[in-house]
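Top to bottom, those sequences are chains H and V. Under the numbering used here, the first residue of the first sequence carries the number 1, and numbering increases by one thereafter. Under the numbering used here, the first residue of the second sequence carries the number 425, and numbering increases by one thereafter.
Source of the hints: derived by calculation from the structure; they are not laboratory data. Heads up, some of the hints might be wrong.
Calculated pairs, BS3-like style, for lysine-lysine (alpha carbon to alpha carbon, straight line, at most 30 Å) [claimed, not checked]: (1) H:K304 x H:K284; (2) H:K248 x V:K543; (3) H:K116 x V:K658.
Protein chains: 2
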Amino acid sequence: MSERITKDEIDNTLESMGEKAKLAAYVLAVMSASDKNRALNVMADSVENECAFIMSENLKDLKVGEKKGLSAAMLDRLKLDKERIKAMADGLRDVASLEDPVGKILTSSIRPNGLKIDKVTAPIGVIGIVYESRPNVTVDAAGLCMKAGNCVLLRGGSEAIHSNLALAHCLSRAALSSGLPEGVIQLIPWSDRRAVSKMLTMDRYIDLIIPRGGEGLIRAVVEQSTIPVIKHYKGICHIYVDSECDQKRAIEIIENSKCQRPGVCNAIETLLINHDIAAEFAPKVAARLIECGVELRGNSEFRKFVPDAKPAIEEDWYEEYLDLILAVKVVSGVDEAIAHINRYGSGHSEAILTTLPKNAEKFMNEVDSAVVYMNASTRFTDGGEFGMGAEIGISTDKLHARGPMGLPELTTYKYLIYGEGQIR
Amino acid sequence: MSERITKDEIDNTLESMGEKAKLAAYVLAVMSASDKNRALNVMADSVENECAFIMSENLKDLKVGEKKGLSAAMLDRLKLDKERIKAMADGLRDVASLEDPVGKILTSSIRPNGLKIDKVTAPIGVIGIVYESRPNVTVDAAGLCMKAGNCVLLRGGSEAIHSNLALAHCLSRAALSSGLPEGVIQLIPWSDRRAVSKMLTMDRYIDLIIPRGGEGLIRAVVEQSTIPVIKHYKGICHIYVDSECDQKRAIEIIENSKCQRPGVCNAIETLLINHDIAAEFAPKVAARLIECGVELRGNSEFRKFVPDAKPAIEEDWYEEYLDLILAVKVVSGVDEAIAHINRYGSGHSEAILTTLPKNAEKFMNEVDSAVVYMNASTRFTDGGEFGMGAEIGISTDKLHARGPMGLPELTTYKYLIYGEGQIR
Chain H
1 MSERITKDEI DNTLESMGEK AKLAAYVLAV MSASDKNRAL NVMADSVENE CAFIMSENLK
61 DLKVGEKKGL SAAMLDRLKL DKERIKAMAD GLRDVASLED PVGKILTSSI RPNGLKIDKV
121 TAPIGVIGIV YESRPNVTVD AAGLCMKAGN CVLLRGGSEA IHSNLALAHC LSRAALSSGL
181 PEGVIQLIPW SDRRAVSKML TMDRYIDLII PRGGEGLIRA VVEQSTIPVI KHYKGICHIY
241 VDSECDQKRA IEIIENSKCQ RPGVCNAIET LLINHDIAAE FAPKVAARLI ECGVELRGNS
301 EFRKFVPDAK PAIEEDWYEE YLDLILAVKV VSGVDEAIAH INRYGSGHSE AILTTLPKNA
361 EKFMNEVDSA VVYMNASTRF TDGGEFGMGA EIGISTDKLH ARGPMGLPEL TTYKYLIYGE
421 GQIR
Chain V
425 MSERITKDEI DNTLESMGEK AKLAAYVLAV MSASDKNRAL NVMADSVENE CAFIMSENLK
485 DLKVGEKKGL SAAMLDRLKL DKERIKAMAD GLRDVASLED PVGKILTSSI RPNGLKIDKV
545 TAPIGVIGIV YESRPNVTVD AAGLCMKAGN CVLLRGGSEA IHSNLALAHC LSRAALSSGL
605 PEGVIQLIPW SDRRAVSKML TMDRYIDLII PRGGEGLIRA VVEQSTIPVI KHYKGICHIY
665 VDSECDQKRA IEIIENSKCQ RPGVCNAIET LLINHDIAAE FAPKVAARLI ECGVELRGNS
725 EFRKFVPDAK PAIEEDWYEE YLDLILAVKV VSGVDEAIAH INRYGSGHSE AILTTLPKNA
785 EKFMNEVDSA VVYMNASTRF TDGGEFGMGA EIGISTDKLH ARGPMGLPEL TTYKYLIYGE
845 GQIR
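Given these sequences and hints, build the entire structure.
As structure tokens, this is what we get:
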């Protein structure tokens, strides 16, 4: 399909989508919470009511995927059934029930000259989402962005194009029918790469890009974009086991952080063990992890105590396995642990397991990551677990949003200043 | 000088500067407010004590500038005398006296599972500043970034290279002598463009780029950078005079916004007048502005009442004159004013002059700019006027910082989570 489209056609279509989104954003920005919530519920009903249509479009993607030889895991991620469609609709209803993040007064002050300065939350405007595979992102992202008063331009992966188009069609029609302006939810109808390139330079219309997918996708987005991007490349999370700690609890936390769901970004990839306890602790934790099916790759000091572990090479410290593999290093103490994490980590989530408050404080202050734990599993880095209600993603950037991003992170602020004729 | 340097030499030098800055940032991040303040005062003294050296280096730049045929205005901006050097030193002392923005608990909550989640401000890390002409940026930016716990990589313009090197030398030596780690303040020693290009892709070391200068410089930075950028391209500020307002005050505010300092970004470039009062108000405001030496460029309706005004063309609405020129349009009402501003404006600062609260509310909610005023001059958009103490710049972006950026905007946050063995 995309072979026949010229670059001009793509550019013109995207320009007009961008302009439409920008104009819609001004209208959406001042809509009441109840109007937005009503629309979210209508959108949820629409997705559920159109279940048969969505599934038939999804089937097209699945057939193409099979022909292309996608793995069973990939096909499963792509697949939409009644249950998953219901879950997407319920997700929209959950978003409707969350607090409106727009119009909150963050600070208010009166200057000596009498000017009253209010700093108030406001929608960002137009948000571009670039994502891969799972069609549920279409629904989740559209719902969250809209709730925060933002229009979305969605660009999903080619493997889910029919599913995404069907979902976006339901959502935008429902939004329109509930009184939202045209252009609040738009999906780029081609998986053509030229369309992404064009999208990423439309800084005139788009205020923020959020890429969701593998590191390759995210790097390509960052390199091309003239629009601010919020992202996370990788989740290389660490646990450091200190010289004094509750070893039984430590083993539970390590097992949970590694094994409960090894394929996600907040699972640990590297374990650091204080050498003072290594002789005792290393064999114990190794036994438990091996029991759970984890492959261990250790530095030479760790392998003294766990000779069966494979040797870790330099690359292992940089690796996001997303699998039942764990790199393990015996370190001299909290300082070496911090230095290791700041050098090899991805700034996502790290934990210290200790009963020494001084070491905990040092670790938490000096580790340069979005989330730093004392005596808890790294698996808690999640919008839901933080009480945000829903998350659009996790940021390992330090600008605007760091860590889990919920509705407040989908807003900006503006200053409203009330005067009585003041001049400078 | 720069012709002889190879790309490899530039790249290697910048890599090692970046790495040094990153390592220094971890140390600086946990230094106490009093240690940082002491260093700022030592830096101030050093700049003052080295006044003769700085002036002799500045003289080199002035001589080169003269040969190159820089304008008198440019040479004046470049020039450093005793008074200006004293002012820079006093600026550092002022920054020392401001509140430390690091380590503030923004929110704190206890989750149902007992996890205590604190959201705490933290330094951003390494900040790159790309700027033109005025050497005082070297000192101001270094001081503000350092106070917020950040290292800086400075890259000034070629016309001020000797002055900047002299200043950076004083600052970094003083920082080092007061116990700060090496690498807190570094200036790229070449004005070579290849050095900027390299700098803008060092996302491994640099966390944020702040460009300060003309629109051309800023666009080039945004296009090349893989590091988040906070910027403002232009300040096309507007005043809208509503159908009912205190006309005498309105004229004072308009004169102040246009004429008090026409060359700055918070001066107005366009005046919008409600057509209900245009017949009475347009000639009055025109007379005052012409008296102040302002050239008026009006739409046809404005020129009915002020025939001497030049006709405005489409380009005028996009223009940042930075001069005693003002575009003027008679509009049908608050809706047209808002639409005009959202279309042609730069998202900086706008004001409505009105006695109708409903129109003020509509204007303030619907205008998509960093700062929106009711009945006050746009000239108040300034860190000092906002009570920030000092500003590093003004952002027309919507991410992370919008409007004047002070010390708090030079920080990020991190989540510190305290557990007792919680697993998921």
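Right, here's what the structure says about each hint:
1. Of the pairs offered as hints, the one joining H:K304 and H:K284 holds, with about 14 Å between alpha carbons and a cut-off of 30 Å not exceeded.
2. Taken as a hint, the H:K248 and V:K543 pair is honoured in the structure, with Cα atoms around 29 Å apart against an allowance of 30 Å.
3. A hinted pair counts as satisfied when its Cα atoms are at most 30 Å apart, and H:K116 with V:K658 qualifies at roughly 25 Å.
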